[in-house]
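> Residue-level listing of the chains:
There are 4 protein chains.
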Amino acid sequence: MLRVGMLTSGGDCQSLNATMRGVAKTLYSSGKDVEIIGFIDGYKGLMYGDYKVMKPQDFSGILTEGGTILGTSRQPFKLMRTPDAEGRDKVEEMKKTYNRLKLDCLVVLGGNGSQKTSNLLSAEGLNVIGLPKTIDNDLWGTDMTFGFQSAVNIATNAIDCIHTTAASHGRVFIVEIMGHKVGWLTLHAGIAGGADIILLPEIPYDIKKIAKALDKRAKEGKRFSIIAVAEGAISKEDAALSKKEYKKKLAERPYPSVSYELGAQILETTGQEVRVTVPGHMQRGGEPCPYDRVLSSRLGATAGSMILKKEYGNLVCLKDGEIIGVPLSEIAGKLKSVDPDCSMIREAKAMGISFGD
Amino acid sequence: MLRVGMLTSGGDCQSLNATMRGVAKTLYSSGKDVEIIGFIDGYKGLMYGDYKVMKPQDFSGILTEGGTILGTSRQPFKLMRTPDAEGRDKVEEMKKTYNRLKLDCLVVLGGNGSQKTSNLLSAEGLNVIGLPKTIDNDLWGTDMTFGFQSAVNIATNAIDCIHTTAASHGRVFIVEIMGHKVGWLTLHAGIAGGADIILLPEIPYDIKKIAKALDKRAKEGKRFSIIAVAEGAISKEDAALSKKEYKKKLAERPYPSVSYELGAQILETTGQEVRVTVPGHMQRGGEPCPYDRVLSSRLGATAGSMILKKEYGNLVCLKDGEIIGVPLSEIAGKLKSVDPDCSMIREAKAMGISFGD
Amino acid sequence: MLRVGMLTSGGDCQSLNATMRGVAKTLYSSGKDVEIIGFIDGYKGLMYGDYKVMKPQDFSGILTEGGTILGTSRQPFKLMRTPDAEGRDKVEEMKKTYNRLKLDCLVVLGGNGSQKTSNLLSAEGLNVIGLPKTIDNDLWGTDMTFGFQSAVNIATNAIDCIHTTAASHGRVFIVEIMGHKVGWLTLHAGIAGGADIILLPEIPYDIKKIAKALDKRAKEGKRFSIIAVAEGAISKEDAALSKKEYKKKLAERPYPSVSYELGAQILETTGQEVRVTVPGHMQRGGEPCPYDRVLSSRLGATAGSMILKKEYGNLVCLKDGEIIGVPLSEIAGKLKSVDPDCSMIREAKAMGISFGD
Amino acid sequence: MLRVGMLTSGGDCQSLNATMRGVAKTLYSSGKDVEIIGFIDGYKGLMYGDYKVMKPQDFSGILTEGGTILGTSRQPFKLMRTPDAEGRDKVEEMKKTYNRLKLDCLVVLGGNGSQKTSNLLSAEGLNVIGLPKTIDNDLWGTDMTFGFQSAVNIATNAIDCIHTTAASHGRVFIVEIMGHKVGWLTLHAGIAGGADIILLPEIPYDIKKIAKALDKRAKEGKRFSIIAVAEGAISKEDAALSKKEYKKKLAERPYPSVSYELGAQILETTGQEVRVTVPGHMQRGGEPCPYDRVLSSRLGATAGSMILKKEYGNLVCLKDGEIIGVPLSEIAGKLKSVDPDCSMIREAKAMGISFGD
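Chains as they are written, first to last, in the working numbering: chain A, 31 to 387; chain B, 31 to 387; chain C, 31 to 387; chain D, 31 to 387.
Calculated directly from the structure, the hints in this document are not laboratory data. A portion of the hints provided could be inaccurate.
It does not matter which identical chain is used: a pair holds within one copy or between any two.
[Said to hold, decoys possible] When the alpha-carbon atoms are kept at most 30 Å apart in a straight line, the in silico DSSO-like pairs for lysine-lysine are as follows:
{"#": "1", "residue 1": "Lys146", "residue 2": "Lys246"}
{"#": "2", "residue 1": "Lys85", "residue 2": "Lys252"}
{"#": "3", "residue 1": "Lys339", "residue 2": "Lys246"}
{"#": "4", "residue 1": "Lys239", "residue 2": "Lys85"}
{"#": "5", "residue 1": "Lys273", "residue 2": "Lys82"}
{"#": "6", "residue 1": "Lys274", "residue 2": "Lys339"}
{"#": "7", "residue 1": "Lys249", "residue 2": "Lys62"}
{"#": "8", "residue 1": "Lys366", "residue 2": "Lys349"}
{"#": "9", "residue 1": "Lys340", "residue 2": "Lys120"}
{"#": "10", "residue 1": "Lys120", "residue 2": "Lys239"}
{"#": "11", "residue 1": "Lys82", "residue 2": "Lys379"}
{"#": "12", "residue 1": "Lys339", "residue 2": "Lys277"}
{"#": "13", "residue 1": "Lys238", "residue 2": "Lys125"}
{"#": "14", "residue 1": "Lys279", "residue 2": "Lys125"}
{"#": "15", "residue 1": "Lys339", "residue 2": "Lys249"}
{"#": "16", "residue 1": "Lys340", "residue 2": "Lys246"}
{"#": "17", "residue 1": "Lys242", "residue 2": "Lys62"}
{"#": "18", "residue 1": "Lys277", "residue 2": "Lys266"}
{"#": "19", "residue 1": "Lys349", "residue 2": "Lys364"}
{"#": "20", "residue 1": "Lys238", "residue 2": "Lys62"}
{"#": "21", "residue 1": "Lys349", "residue 2": "Lys211"}
{"#": "22", "residue 1": "Lys62", "residue 2": "Lys211"}
{"#": "23", "residue 1": "Lys126", "residue 2": "Lys246"}
Using the sequences plus the hints, can you model the full thing?
Quick look at the structure:
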């Protein structure tokens, strides 16, 4: 009997169910005697022993369903990144549940924070396999995380919708796009949506450069401009601050997010009226796109095969078209951010897109 | 030679081009000698004589395009609702352009404000035909405005996306939906998206009733609740205020919109954490849905036929499946709001949806 | 205890689950003691006593799901339209199941054939409520059936996709659209998709008129033409045949459907190459659109309220925006087809669309 | 003055305009004096000197538009693959136009056949840059062609729609997917759509293995099965025939395509009723998806940069995330087909998907 624990951790995204289905179908198809234990609400379920024994039909019909059939939560593992006393206790609780249920391994679908914890559990001797979940695409080791392309579709659709209004009314429109501390989602959706200016956390912006880009468009007779702004975008001034100063400034900022601040800066600098749209949580919801369903099936199938071969301790990654394992210890704590000088940025600049730098 | 002026006024919406195409195709197909003059940016174009002579191919391929090929603007006709001296001057300017271009008639695609102005121009002796444009569906006289069903699709999709996140994380989610002072868009999208609570401007809400509805769901074991809130929703307390007091309160309100205020009230009353999503301007953008394309084609074709028959002074309306003309004088200044006791509300309540009343 | 049987019969369509959810939510919200019995695979389940006792959670999360959670089948009621000996036996079996389960009533979601049977059961003394299911929109008594607008979306999308290819390559493209013996789906999708020629069963086509319409477009410099053809479209020659002759001709027809025959006729008459696309079964599948979800919720809620008030023997219908009951005896056996002289056809003709007549 | 010719050749696909926009924006943003000549309807335009001088605004607003603003054609270059006398003449005509217009280079958006011709022109001394257009993804040298992911979306959506019907009615459904002689599109859409059996040209199928897979599902209590079949799929028997024998058999085949033949084989072998859906040309139409828009922008921008650097004779390719040039002489005449033993096939098999082998 092969006993496999599974959990989804952190903010949900679109292809979690498709990925779990890939693992499950592979295990059930192996001909071995397999039992899958689903932990409820992420690491919480592992900690408190809250789980359900899954049946094959639980994984039927979920390929196209957003969210996670296991539920998820964000909170408990924050402490565990640097396991203090409380964190240690939590880790011990998780180990107890793992051992009590006689698990052969634990499959963790999660992002950067969650995989830090999975690496910790792996270091503690648990057999762990990680699967790279996040709309942010910021997991080190993999070319692509699942959820990302689905989120690109929603963010791009938001820009597409704004485009018709912008063209009809002739204004500057800002669309604020998710992505936490990295700019992948904004970069892709910005290019796909035909944004004129794209602002990323990795390339602090200069309001004068933005004003210049807007002026240039106005001079060319363009009625409107679209700016795609990452939620983590930052001005050159703010980027020059110390972490403490910046935190203080953020706390005192009169605007709900960088987009509104930028809108005010543009009005002040250019006199142009600006409208802000923030699609927000929508970007992590709804049905996974076909690209994600394929990627998730491949990642899940490979995770299943690794379990059957008892290959543990890896994050399952897409690398140059192939699915491979990368040691959790190599990827934990590393952030995959956008290189300001990467080819994609250079290509976008060649097309005349301004990055405000 | 039949000379027809055309303009799109007010906030843009999804099926403006499809509607203009319907008018144009009908006129060009009539075999008569027709010239269509497109005024740029709404009434502004009529006022300042800013226009272009349209060609048949200008109306080709625009059936599926959002926005308006003529551009639109909101500002100049605010004054004209009660034409003071400045408003009068503007009306005179419009009449001058109309006469100078020897127009046989003027087609106005617009919402409530714009049709007030079109009624004024009609009363001044211009031959005017109105077409009911708005995602708010608040135009008196027509069962349905074009743009509405496309906006329902976008707002429903926002709720759908939030649904998967809500189900995965188990929280209260508010989705704020457009609609100006009426609740049509929120009512339809709320039912279509399976919202548990729907709050409309026409039914002031009682926070205690909302808390009770949320409690009931929690007791039934539901992990999450979705609240669809119209941007114009109002609490019972605020609805009891005088207009002046309410304006003052709004000005002082620490929240950017009713959704955030409601979120704070729910947190305070129930202790439940709330997330707010505001899709905003997206709701009026993008491609018109097939329903709107059919409605717009029918409205446009009928407007074209009315022009050929010299029937002027009407808003072209959908009434019980037929397209008819309703005198602009009958509809101007009237708002079609949701009757709190209409059958659709009763049906929604029968299904267990709470309206917070 | 209120015991309600429910079944879905005939070809599936998009909003069956949303409709059942509407009935169930209304019954469960009534505070009464309710048990819903779901019969498997339509009337077959009623005949053979194949059913499951439903729970409230069975109706959760199905608002957006296509297909039917109860399964459906087409076969057994063909005979029952004119109940011969075998049909009589089947009716008796159904009555037995109904009585054995002590049902208070039976809710039938079905199209024309299925509602003939539901009327028969009603005449036999069973308490029956019908709900108008079909993508064909051909049920007498209701302005709109659920499933129709979702199918319009898919058929229109097919035309939209073909449009870009047609424009790039410059050819005549035929898109064959479902609808059984009526043209509603083709009429709506044809107008929404900007088809140049629309062929319906209700308006037999003259190949010479089609050739003329194609010529006219070519002369106007248009590179391509799109023809939306109902699967039940028929030429003037074939329409003049006796039923027997036509059946014989159909049996000998070398083409798989009317579209291919028409394509051959066009090639022969005009020399223009024609491509045919047949989206087929896709049109009844996938997620219900927001319009259908609202309609289904309203129809279902009203059916639920009728059950609570013991109002039986009706098809629940949409009439001028209100949901009403129409006696099954009034609608059974009647087909709602497109009136060739209705306003919508006239509007389409005014826009220059040819119907081949 | 830099004079750049551009043409789109072969069957159209979704992201042609986005790609041309990428080239144009890059050239116009370079600050150099650039003139772009657009040839009408592919190589025909080059042959007959049918072209238009493009303006920057011609490339505005086309990022999201399917089809090609230049038109395309398939015919004239068939001969040119092995340039006989007639082919030679055509090549000479093209060279004449190229020289007469004093072009600095020619940009060819096309698939396998078209790039054979572009390689020929390059060998003749013309400065040529190729861009990999096709929904088939069968171009050697690039990891991904533009159009492919958009087509995957449409084909997957077709399977999704069929899924709900299959689940409701309980039958075997075949969805026939495009892809010419290769299985990429079917492989991706099949996995994304959750197909149970996937049949590719590269893996000849054994009807007995298919029957076995269907039986296995039936035994597991599954009501339905979905088979994704590539239009170029072939049985083991047919694959064993000589080319001549196979052509003869195809000519005599009573079925319009492999799907219908397979359906008949399944009925005969298993007694199960089968329904076939053929979305057909739809798969190359409609709006490009965000993935394709990003890929096209990157490819186009790189082509533009290559022109500015006078790097000619390459197909612009995506390789491991980077955009690079691969000599046309290296890729011409080679087909990128699915390796039956590639990791993606193995992953799909691990999940229990049958390939009929």
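> Should lysine 85 paired with lysine 252 be assigned to within, between, both, or neither, using CA atoms and 30 Å as the limit?
between (58 Å within a copy, 15 Å between copies)
> With identical chains, the pair lysine 238 and lysine 125 could be close in the same copy or across copies; at 30 Å between alpha carbons, which is it: within, between, both, or neither?
Neither: 54 Å inside a chain and 44 Å across chains, both beyond 30 Å.
> Can you tell me if lysine 339 and lysine 249 fall within 30 Å by alpha carbon in one copy, between copies, both or neither?
Close across copies (28 Å), not inside one copy (63 Å); limit 30 Å.
> At most 30 Å between C-alpha atoms: does lysine 274 with lysine 339 qualify within a copy, between copies, both, or neither?
The answer is neither: 48 Å in one copy and 46 Å across copies each exceed 30 Å.
> At most 30 Å between C-alpha atoms: does lysine 126 with lysine 246 qualify within a copy, between copies, both, or neither?
Answer is neither: 63 Å inside a copy and 36 Å across each miss the 30 Å cutoff.
> Is it within, between, both or neither when you check lysine 62 against lysine 211 at 30 Å Cα-Cα?
Classified as neither: same-chain Cα gap 42 Å, cross-chain 37 Å, threshold 30 Å.
> Given identical chains, is lysine 273 near lysine 82, meaning Cα to Cα at most 30 Å, within a copy, between copies, both, or neither?
Close neither inside one copy (43 Å) nor across copies (55 Å); limit 30 Å.
> Go through the copies and call it for lysine 340 and lysine 246: within, between, both or neither, with a Cα cutoff of 30 Å.
Intra 59 Å, inter 28 Å, cutoff 30 Å: inter-copy only.
> 30 Å Cα cut-off: does lysine 366 pair with lysine 349 within a copy, between copies, both or neither?
both (14 Å within a copy, 20 Å between copies)
> At most 30 Å between C-alpha atoms: does lysine 120 with lysine 239 qualify within a copy, between copies, both, or neither?
Answer is neither; intra-copy 49 Å and inter-copy 39 Å both fail.
> Is it within, between, both, or neither for lysine 340 and lysine 120, if the alpha carbons may be no more than 30 Å apart?
Result: close within a single copy only, 26 Å intra versus 58 Å inter.
> How would you label the pair lysine 349, lysine 364 (within, between, both, or neither) given a Cα cut-off of 30 Å?
The answer is both: 17 Å in one copy and 25 Å across copies each meet 30 Å.
Consistency note: the structure conflicts with the earlier hints numbered 1, 5, 6, 10, 12, 13, 14, 22 and 23.
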